[in-house]
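Colleague: Each chain is listed here by its residues.
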Amino acid sequence: MNAPVDRTTKTAALVGNPNAGKTTLFNALTGHRHRVGNFPGVTVEKRTGLLRGPSDHFTIEIIDLPGAYSLAARSTDEAIVLDALLGRHEGAAQPDLFISVVDATNLERNLFLTTQIMELGRPVIVALNMVDLAATHGIQVDPVALSRGLGVPVVEVVATQQKGIGELVRQVERTMQGEVPNPVGQTSGREGIECFPVAAGVSTGEALRVPIPSMLVREVDTLSKVFSFNNESKNGLRVELLQALLNVGGYHERRLVQQHGSNASRELLQSRERVKAAGESLAEVEANARYHWIKPLVMRVERRANVRRRSGSERVDGVLTHPFSGLAVFLVLMGACFQSIYAWSAPVMNAIDESFHWMSGRAADWMPPGALQSLVSDGVIAGVGGVLVFLPQIAVLFFFIAVLEDCGYLARAVFLSDRWMGIMGLPGKAFIPLLSSFACAVPGIMATRIIEDRRDRLVTILVAPLMSCSARLPVYTLLIGAFVPAISLLGGVVSLQAVTLLGMYLIGTFVAIPVVWVLKRTILRGEPQPFVMELPSYKWPNPATVFHRVFDQVKAFCQSAGTIIFAVSLVIWMLGYYPRPQNIADDYGAQKTAVAQRYSDRTAEMPTSSIEAKGDGLENLDEQRDTELAAIERAESGAYLRQSFLGRMGSWIEPVVKPLGWDWRIGTAALASFAAREVVIATMGTMYNLGGDVDESSSGLRDALHTATWPDGRKVYNLAVALSIMVFFALCCQCLGTLATIKRETNSWGWTTFTFCYMTGLAYIGSLATYQVVVRWV
Amino acid sequence: MRDIPTPIIITQPMRYVASLRRGEKAKIRGIRGTALSSKRLADLGFVNESTVEMLMPGSTCIVRINGTVLALGTGYQTVVELLTGESLATSAVA
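Those protein sequence lines, which keep their order, are chains G and E. Under this note's numbering, the first residue of the first sequence carries the number 9, and numbering increases by one thereafter. Under this note's numbering, the first residue of the second sequence carries the number 400, and numbering increases by one thereafter.
For the record, the hints were derived by calculation from the structure and aren't laboratory data. Some hints could be false.
[Claimed, not checked] Only pairs whose alpha carbons sit at most 30 Å apart, straight line, appear in this in silico DSBU-like list of lysine-lysine: (1) K426(E) x K303(G); (2) K751(G) x K563(G); (3) K284(G) x K426(E); (4) K424(E) x K303(G); (5) K171(G) x K563(G); (6) K547(G) x K424(E).
Bound-form chain G, shown alone (with noise of 0.2 Å):
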């Protein structure tokens, strides 16, 4: 497993608990030399970037690992952590040393993880963080006090002020100079920083650091005897056999039934009971060891002002939690951020959509028209432009969430929502994303990421696009405006439109509550994980991490576009454009040449009394012409689509979409739109030969709707169609922007195929019960 790497680089870890300020100390050690990445096989975010400054020895690369309280894991995706300490991941190595991120302002918690890592068998620095904070909270930690305890190097840091990070970096490469060693074997002082020689962790079984009961170690002897992973170091061994033993039900334990089958299930069941029969409790024995070793030492290396006080954060938490004016508060500033994600990316957006357009039309002046030109500048150039018209909102809205949880009230929303998010059957974190959603599903479903629970953010995940985004809108004003009618409803209060629009905005957040209920209880069942999660106290955000954390989610929603969503685009492209078959354009030719034969006759006739005269009417003519013939062209355009691929498409799929009231037109649009749901109104305008430049407020396109018919005669659209069509689009997942980001933050082919399957079908019985519904009652 573990790969052979340079050994010119060496690798750091920084560790520590969430809210420990690991991020931003990660920024201040790397500056902007980092790149995000994907941990193998999860859907965990990994950062690494390169030490800052010069180093005449090494290259030393720092991996920013997921903050954890603790070792035990119950997901792959909380075993990052140990595996990664480990070297378990393919292509890296056990990292050379760790950098425990300490919070001054909680030591006796934040040792908590220290002392486990410190097990593992390398060097580990403390970097003792916020400190500023401690002061103001009456908190004072002597850091030689805290080194001598623990016998590792202790470097205090304020990294949001970036101060004592240049301590920090040379305490790095001193020690990957190999000047401070392991801390379980000699060290000296140096410069301030008291190392002492300290006693052996569990990971050799002789005298202890951490004075776990002695036989819980022999145990883990017992066990290490019994089981080995593959050329695993005996510190890892040891520390990762005694998770799997007092984690029941763990991910450790059931890796190594996985590897060793159920010889491993009876051997950890023995070694249970024995801990049980001496009276110690599996969830208990550690804690308690490692707690009852913390405080004494707390108690010596840290002086708290006796000063009993609300703190600030206390007062502000007194309203901002309260059920009532917490509520308040909180449906205020959500209300605020949801109406942002709209105003202020919109002029943005209509930036970028103009240029793209505007590119695209000069791409089609440039070029001779042909194959070549429709490629660049309806298949590349709209393509592109159909999905970078999404960075803004993803902007805004990770500005906010990363504003909202850098200054601490994230954390409040989320405890807020959890009162009654799980009434939806989902936990209070899914609330933003699923708020996000509504604005659009692809930074939604990015914001799953503050999920830790693997199952919990797959649902939310599989739900997010059924909330009703803001490209749906475009074609629920289409058809509301033709056809649903304009009267008033509840005294003149509000209108049908109105409660029409209201209702497709609803429908997506009903039919997710089943949705949830049937997945939580089959292919995502689980036992229903507790919630717990830290409040941190409030701060005031830090511009930088704010920055980081904006530009690295636009960062990677532009990669996703540049791969997956064109190459997509191009094929529905193709699909729409090909064949081209020669009697259209001879015959639409031959049209365009008639007319501009019957013109120029027409302006040879022209009596020639008055210059001034004759100029006008020629200018009028020329009008007249262009227009025919760009009618012509719209026919033309028409014609192909019809012919195309996704034309035939369409007419072979009529039987499936006729029992939803829909004609073939209606099902080749469906088609066309599969990458983005707004491109359906372009596709009904070139069908009804009105051309690709429509929008949800052309009346020729209401108009050509209105008179459309099928080949008996009947009208194809009425009241029920049009619902049945805006029913299909609310529940459907047409949107290569979100299919794009659900495979790249679940990691798999089969989550993204699953979510177009289930939707697709969901809006297929949908429509179809509305249509023969409506047609029928109404």
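Guided by the hints, dock chain E onto chain G, whose structure is given.
Modeller: Showing chain E alone in chain G's frame:
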């Protein structure tokens, strides 16, 4: 080394975090169960003799333990067992 747990006295009803009123503090007796979620709480500092303070009761409540403020869902509130008869003096925050 950990002391052997005090035997549970049947006549004294068990008390859990869920029963704490706003501003009330109590010492923890231990964590019930062996599930991983129980170990998670212990790892967070809900260990024997630690003091827990209720900041905001509710189906999802807010408590303080060792200087950390945590939100706890219903599932967890009945896992943390308190030392009965030794509930410390309550200090209403409100």
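Colleague: Evaluate each hint against the coordinates.
Modeller: We went through each hint and held it up to the structure:
1. K426(E) x K303(G): OK: K426(E) and K303(G) at ~15 Å, within 30 Å.
2. K751(G) x K563(G): With Cα atoms ~16 Å apart, K751(G) and K563(G) stay inside 30 Å; holds.
3. K284(G) x K426(E): holds, 24 Å
4. K424(E) x K303(G): OK: K424(E) and K303(G) at ~19 Å, within 30 Å.
5. K171(G) x K563(G): holds, 29 Å
6. K547(G) x K424(E): Holds. K547(G) to K424(E) sits at ~26 Å (cutoff 30 Å).
In this structure, every one of the numbered hints holds.
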